[in-house]
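Since the structure of chain A is provided, determine the placement of chain B on it from the hints.
Protein chains in written order, with this note's numbering: chain A, 32 to 301; chain B, 32 to 301.
Keep in mind that the hints were calculated from the coordinates and are not lab data. Check each hint, because a few of them may be wrong.
Which copy is meant is left open, because identical chains are indistinguishable; a pair holds if it fits in one copy or across any two.
[As the list claims (entries may be wrong)] Keeping only pairs whose Cα atoms sit at most 20 Å apart, straight-line, the calculated EDC-like set for lysine to aspartate or glutamate is:
1. Lys260 / Glu215
2. Lys236 / Glu257
3. Lys260 / Glu157
4. Lys82 / Asp115
5. Lys272 / Glu79
6. Lys33 / Glu157
7. Lys89 / Glu132
8. Lys225 / Glu76
9. Lys112 / Glu267
2 protein chains.
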Amino acid sequence: MKIERTVFFISDGTGTTAGALGQLLAHFPQTHFTQVRLPFTDSVEKIEDAKQRFLMAKAGDGMRPVVIMSLGNIEHRALLKAADAYFIDLFNTFIDPLGLELAQEPLTGKGIAHGVMGENYHERMEAINFTLTHDDGMTNAGFEEAQVILIGVSRCGKTPTSIYLAMQFGVKAANYPLIPEDFERGTLPEVLYKHIDKIYGLTIKADRLHNVRSERRPNSVYASLENCKKEIATAENLMRKNNIPWADSTSRSIEELSAIILQKMRQPEK
Amino acid sequence: MKIERTVFFISDGTGTTAGALGQLLAHFPQTHFTQVRLPFTDSVEKIEDAKQRFLMAKAGDGMRPVVIMSLGNIEHRALLKAADAYFIDLFNTFIDPLGLELAQEPLTGKGIAHGVMGENYHERMEAINFTLTHDDGMTNAGFEEAQVILIGVSRCGKTPTSIYLAMQFGVKAANYPLIPEDFERGTLPEVLYKHIDKIYGLTIKADRLHNVRSERRPNSVYASLENCKKEIATAENLMRKNNIPWADSTSRSIEELSAIILQKMRQPEK
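Next comes chain A alone, as it looks inside the complex (with noise of 0.2 Å):
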């Protein structure tokens, strides 16, 4: 049985970057977190609500909570971290240290890292409508825009792959889907040969292809085991024949398709 500790990530902003190091609990598999997210965190009766929490959260686990702390507040930090609780206080680890690094003072203000001004937004915006108006093959008009097409057989993650690309880095990702037109042709789509650059093939293991299908289509042609065989042998011939570098979709994450796919965007293949 795992122990049961709970984890709260406390911010006077929305908590995101605090809440991204929750992913490495994933360190300590013998342990169930629970995770609260306790973001706007932004005054001293929000900061006792919190302590009760605490609280409760130690009577409940029989052990004091984790908190994950970004308060610029220098008085709301103290009275926090005087609750029996371990802390990590990103101004104590990260900040504050790395101001002496840049000998600067860091901004204190609330939600500094999240706000709609914040380098690059404008930019992950325009990105995500792009990629949705370009999903799916549902238009070729502007693929000169796109930074990345990527191409595959139905249903093997273009779609969370390409969001992931433009709402994480802001990055303009077309998708186009390989159909059974292009595999009897034996050629891709006419409209990619000019853009053969930027496009990259995403695969995937044919009995994960059917499990997905099958679970919209049951028991359809397109389905099927063998379809899903066919399909996904043809579309990664087409890509080896054009020299597409491609990844599997099967056991890896949007995460880590989306790394994968940047690091060859700045390396160009030689």
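Below, chain B without anything else, positioned relative to chain A:
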């Protein structure tokens, strides 16, 4: 003129967590940071390559680079840290101390944090699917399954906020536009009433909406300032009348809007 510094995010996995800390650089507005991600740094060769890049960055900026690193392999860590750079090591600052608190050795394998098998990954993918098929009132089927239904006038930010909620938090977020028909009738679309407890509104300032819509359909009635004002006032009235909590997207990022919505979901209005 801003000071130039280069920041490297080095990870043996995707670098997503290290990269998230990049948001904290916003606390230092006097510096312009060039951000370089080096994911999948999992061999001595790649470590050496990174060190070469540190030297080039230092030569370019006239200052040593900042390195935010998450490497499970202890020899790789030591090798990298022999370089002249300012290091923020997620193992030193977060993972190892947390291991002491939890009385557990952390896993040090590659890419622990962002695998496809991570907690909630499947849930997030399901939510993205749901959100995309329930975008912009595309269908009312399955509203029972929605955890959030965002409403608001066309182009007020419903779509990117819904997608962010799904992608980041695994929240099944539908969205439904309020259109002139609704305003004439003076009631919400009928389908929404039985889901009223999971509806959240977005609104926007008229001049901002006018700009956004003008990019899409210049000189249309749709985009005219007068029409924007009228639509917004009527939509806000509808939300007020139905006690729907709402937030203004004009100066809020999708991170901020999502944090506000999640908080309201978890703490029902009294």
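So, going through the hints one by one against the coordinates:
no.	hint	in the structure
1	Lys260 / Glu215	within (15 Å within a copy, 53 Å between copies)
2	Lys236 / Glu257	within (12 Å within a copy, 54 Å between copies)
3	Lys260 / Glu157	neither (37 Å within a copy, 24 Å between copies)
4	Lys82 / Asp115	within (9 Å within a copy, 41 Å between copies)
5	Lys272 / Glu79	neither (64 Å within a copy, 34 Å between copies)
6	Lys33 / Glu157	neither (44 Å within a copy, 26 Å between copies)
7	Lys89 / Glu132	between (37 Å within a copy, 14 Å between copies)
8	Lys225 / Glu76	neither (60 Å within a copy, 35 Å between copies)
9	Lys112 / Glu267	neither (56 Å within a copy, 41 Å between copies)
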